[in-house]
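Trainee: Just need the whole structure built from these sequences, with the hints factored in.
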Amino acid sequence: MLKIHPLRGSSIDIHPNARWLQHGITVAGGNGQGDGINQLLNPYGLYVADDQTVYVADPPNHRIVEWKWGATSGQVVAGGNDEGSGTHQLNNPYDVIVDKETDSLVICDSANERVVRWPRRNGTSGETIISNSDCWSLTMDENGYLYVVDFEKYEVRRYRRGESEGKVVAGGNGYGYDLNQLSFPQYVFVDRDHSVYVSEQHGHRVMKWMEGAKEGIVVAGGQGVGDGLTQLSHPQGVVVDQLGTVYVVDLASGSVKRWPKGATHGNIIVGGNVHPLRGSSIDIHPNARWQQNGTTVAGGNGQGNGINQLSSPYGLYVDDDQTVYVADTAKHRIMEWKWGATSGQVVAGGNDEGSGTHQLNNPYDVIVDKETDSLVICDSFNKRVVRWPRRNGTSGETIISNSDCSSLTMDENGCLYVVNSEKLEVRRYRRGESQGIVVAGGNGYGDDLNQFYLPQYVFIDRDHSVYVSDYHNHRVKKWMEGAKQGIVVAGGQGVEDGLTQLAYPQGVVVDQLGAVYVVEQMRATIRRCPKGATQGSVIVGGNSSGEQSNQLSFITVHPLRGSSIDIHPNARWQQNGITVAGGNGEGNGINQLLNPYGLYVDDDQTVYVADSANHRIMEWKWGATSGQVAAGGNDEGSGTHQLSGPRDVIVDKETDSLVICDSFNKRVVRWPRRNGTSGETIISNSGCSSLTMDENGCLYVVNNEKDEVRRYRRGESQGIVVAGGNGYGDDLNQFDLPQYVFVDRDHSVYVSDYHNHRVMKWMEGAKQGIVVAGGQGQGHDLTQLTYPRGVVVDQLGAVYVVDQGSRSIKRWPKGATQGSVIVDGSGSEEQSNQFIHPLRGSSIDIHPNARWQQNGIIVAGGNGEGNGINQLLYPYGLYVDDDQTVYVADTTNHRIMEWKWGATSGQVVAGGNGKGSETHQLNNPWDVIIDKETDSLVICDSENKRVVRWPRRNGTIGETIISNSVCLSLTMDENGYLYVVDGGKAEVRRYQRGESQGIVVAGGNGDGYNFNQLFFPQYVFVDRDHSVYVSDHNNHRVMKWMEGAKQGIVVAGGQGAGDGLTQLAYPRGVVVDQLGTVYVADQGSASIKRWPKGATQGSVIVGGEQSNQLSFPK
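Residues in the sequence shown are numbered from 4 upward in steps of one, following the numbering used here.
A hint or two may mislead.
To be verified - Computed cross-link-like contacts, DSSO-like style, restricted to lysine-lysine with a CA-CA straight-line distance of at most 30 Å:
{"hint": "1", "residue 1": "Lys264", "residue 2": "Lys170"}
{"hint": "2", "residue 1": "Lys935", "residue 2": "Lys918"}
{"hint": "3", "residue 1": "Lys534", "residue 2": "Lys156"}
{"hint": "4", "residue 1": "Lys487", "residue 2": "Lys534"}
{"hint": "5", "residue 1": "Lys386", "residue 2": "Lys935"}
To be verified - Computed beta-carbon distance windows for the label pairs:
{"hint": "6", "residue 1": "Glu998", "residue 2": "Gln631", "range": "57 to 67 Å"}
{"hint": "7", "residue 1": "Ile220", "residue 2": "Gly343", "range": "21 to 31 Å"}
{"hint": "8", "residue 1": "Gly732", "residue 2": "Asp655", "range": "26 to 36 Å"}
{"hint": "9", "residue 1": "Lys373", "residue 2": "Asn84", "range": "35 to 45 Å"}
{"hint": "10", "residue 1": "Glu998", "residue 2": "Gln781", "range": "44 to 54 Å"}
{"hint": "11", "residue 1": "Thr131", "residue 2": "Ile17", "range": "34 to 44 Å"}
{"hint": "12", "residue 1": "Leu182", "residue 2": "Gly343", "range": "16 to 26 Å"}
{"hint": "13", "residue 1": "Val774", "residue 2": "Gly919", "range": "54 to 64 Å"}
Hint data in this document are derived by calculation from the structure and do not stem from the laboratory. Keep in mind it's a predicted model, so treat the numbers as computed, not measured. Note that the Cβ used here is the ideal one computed from N, Cα and C, for glycine as well.
Mentor: Below, the structure written as structure tokens:
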């Protein structure tokens, strides 16, 4: 007979030399998680009766289950009537024992904060015997006295029969590690002398409290957290034998340890090879109280490359012994920090940025693979996953290539899960695999349930469900094993600050009950979202914690200007800006600005603008159509309630105030941020042109009269010079009209030196600066700047500078001798802020709340009908290149025209040799696109019923690539596949490179109005899923044909010709954004309409009855 366990409430007999089987046998459950009678769901406490019957507390199923010895299923003996507080219900019971005297079960009904007595046989309801007790576990001695662990009060109480108050026998002096305290007590054992033994999860020890003692003694552990033989790590269940030997379940090391009486160390008798990987759900008490003051476990000594520093750390992993491994991203290394250490050591990389086997390039995450005793690293900018020996490794081995890895984890089978932020997917790789399979996402970016929009971190639970923080969709998704789409388990309700919402979620873990814990970057909080809940709660950080609300700090979308910020070096920059303040002409209205200068963007995307000529600071909420005056606005003047020509503004969060360059008054003013009516001068006699603040609250002020930058500590009025101050000039210790200032995390000062056409960097304490951008004279060459203005610096030291003279933003990598243009605004002054670039062959990013200007600007033609090089005659299709060059099918002139940005005339790049069918001629071309791979134009030569490829540069003749096609429009996808609308056959065909026949992908069933037909199709758009959108001209609708579909669906119009919001009238050009919103040029109503995905009506965004801005030939 296998005697598993007699009474828990008295010390038991165990042979001191017993040999322990290493392979246990299942006595309850073992059939997967669930609520079946043969299943358990995250079981906790158990009790074994004399006949070997096992009673198990099954918390998430809210029941106690009895399993007879050798049975394959159990039976519910208490609860099991759903979660609740009724007498017939339980709510997350955590422990159970048998009271033989009354033949009843005594249950820790934990979430109901009560102890319940329930008849052992055929009981249908329980009786509350102790109330207001956050009971975690309990036991009973031979006298029938009940001992209850109250984890919230950090105490153990003893209750005589019939008592409801009891008395404290262990702890009761608050949370702590002193000998009279307990820290998160877990399980209790009472020996024959009525001594109480308590396992302390956070104290990593077992304490013994003799009867009547005021404090306990440590009998196991107590030497810090770890897996050494002198240590415990999150101990749980405990029993004591007849010799006083302590047996304790050590959770983190997955072992049972034996600690002889009086010993200073124990030994492992079972297990020791288990670890709660990040890829498995973890045990967190649902009522846990979270400390608001964190402790620093790595770094904390400023940004840098010292072994006691970190620089832009991202992912981390915590080992069994509390060693922390950190991806020290900007220093291209992995750091190991032992528990309590004041410095770390480099364990991977650290050999400068690079792609060698001994190098890393911006690693984003790291985990430990115990089976191979190695680190697995997201070597992100090298687009690889690397395995690196954990101990004394000098180089790594690439195990996965071509993966834009942002985070990873591993399950208990050693399967690796990798987030690929570029492909918007999570892949699972079995050991040795290099391709893996997609387990979440992989359907392009978007907000559908089968999509992600910049996935960040991943967590795998014990059922192999995948949880992913979906950054730009502001949600956490759960994908069950084998699922084709996920479900939202947190957030997904937009980006505001409600409890139903998240704002840019990052790290995520899931506990044993399915509760999701997520780091919310924008609001610097950790939120807990219980399983199935529609809203969460803030457990750490946020704005509700008073003085502690700053305990979490993240670099959000717009952090302080005075600290380097994270920008991906391969970021692609949209050329279309959106207006966030002003945009309604010059003036002093609350929706207008007049000569605005400096601006500041707060965490919630509120923009503060120095509206200089209006002598005020304006505040514009995100998406607002007008602003409000936050400072000044009382005419120009020097009164405390006035400003004069303010040039810059920042927010000082510590004092919740605005700090303003009140330039013409030669002062710096502090102004209450909320409802302030006047300001206080904090610095006088300063020709301030801009300012910023570092993380210590030190203020940096550019004085362009003295050609210097001064730093002021809080309360100082004089400050010290940290850059310039040697008169104006072009020496390295001088400026000539300094403009804007940026301070990085090392307190280096970057200044745009306007008349010297350069950006200077002054390291802390330096007597002169170094040139980090420009400095090669005024000009538009990539080695030059022309009157630089605003400047920021990223985590890699790359400088981003507004170059006023070339009307562009340039990026200058650290140490580079030349920069690159990332946003180009070249052209006339009036048009310098206009940027155009939709790709027609892939869905594009358009802000859903974008405000559309009603006054367009002419980019080609506009000089009347004709065949001059500054004229067009019935132009149809157009294409806009990356550099804003416009290519126009000038149909009736039988030519293709190229118009450079800002040009007053174009040039003929194809045709233009009279109407004809020769290789050097075109006949009524209807559309044109660019094929970048071949650097050629692809032209719908409509009247010649052919598609022509024409060299883009200096081409004199074209080549027919498709014949017998009445081509009206065309586009190309990312694979180079050509999609051609054939108006004669009422179809769209797709042609792979080199094909001349193609296949029908939309229509092809003759003219008609059925869902498998088109009637005079016009323009075509192909999204990233290769769905085809067609403007169906004479059916007054836009149709979407998914890849492989036999018929389409109506996504806009289709309610007959008309100008109602449910209708279209002869639709033409069409594009689709990243959310599936359709934008269509509606010829009949001379408007552009916007049709959200799934909507039954659209809205007019440009033109219409109220405007003559759009005019179409009827």
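Trainee: Confirm or reject each hint.
Mentor: Now the hints, each set against the structure:
1. Between lysine 264 and lysine 170 the CA atoms are separated by roughly 27 Å; this keeps the pair inside 30 Å, and the hint holds.
2. Of the pairs offered as hints, the one joining lysine 935 and lysine 918 holds, with about 27 Å between alpha carbons and a cut-off of 30 Å not exceeded.
3. Distance restraint check for lysine 534 and lysine 156: the Cα-Cα separation of roughly 26 Å lies within the 30 Å cut-off, and the hinted pair is therefore satisfied.
4. Of the supplied pair hints, the one linking lysine 487 and lysine 534 holds, its CA atoms being roughly 21 Å apart against a limit of 30 Å.
5. For the proposed pair lysine 386 and lysine 935, the alpha carbon gap of about 25 Å is at most 30 Å, so the pair holds.
6. For glutamate 998 and glutamine 631, the Cβ-Cβ distance of about 60 Å falls inside the hinted range of 57 to 67 Å, so the restraint holds.
7. Range check, isoleucine 220 to glycine 343: about 24 Å between beta-carbon atoms, so the 21 to 31 Å window is met.
8. The given range of 26 to 36 Å is respected by glycine 732 and aspartate 655, whose C-beta atoms sit roughly 33 Å from each other.
9. Restraint check, lysine 373 to asparagine 84: a C-beta distance of roughly 42 Å satisfies the suggested window 35 to 45 Å.
10. In this structure, glutamate 998 and glutamine 781 meet the distance hint of 44 to 54 Å, their C-beta atoms being roughly 52 Å apart.
11. Evaluation of the 34 to 44 Å hint for threonine 131 and isoleucine 17 yields a pass: the beta carbon distance comes to about 36 Å.
12. The hinted window of 16 to 26 Å between leucine 182 and glycine 343 holds, with their beta carbons roughly 21 Å apart.
13. Between valine 774 and glycine 919 the CB atoms are about 58 Å apart, so this pair conforms to the stated range of 54 to 64 Å.
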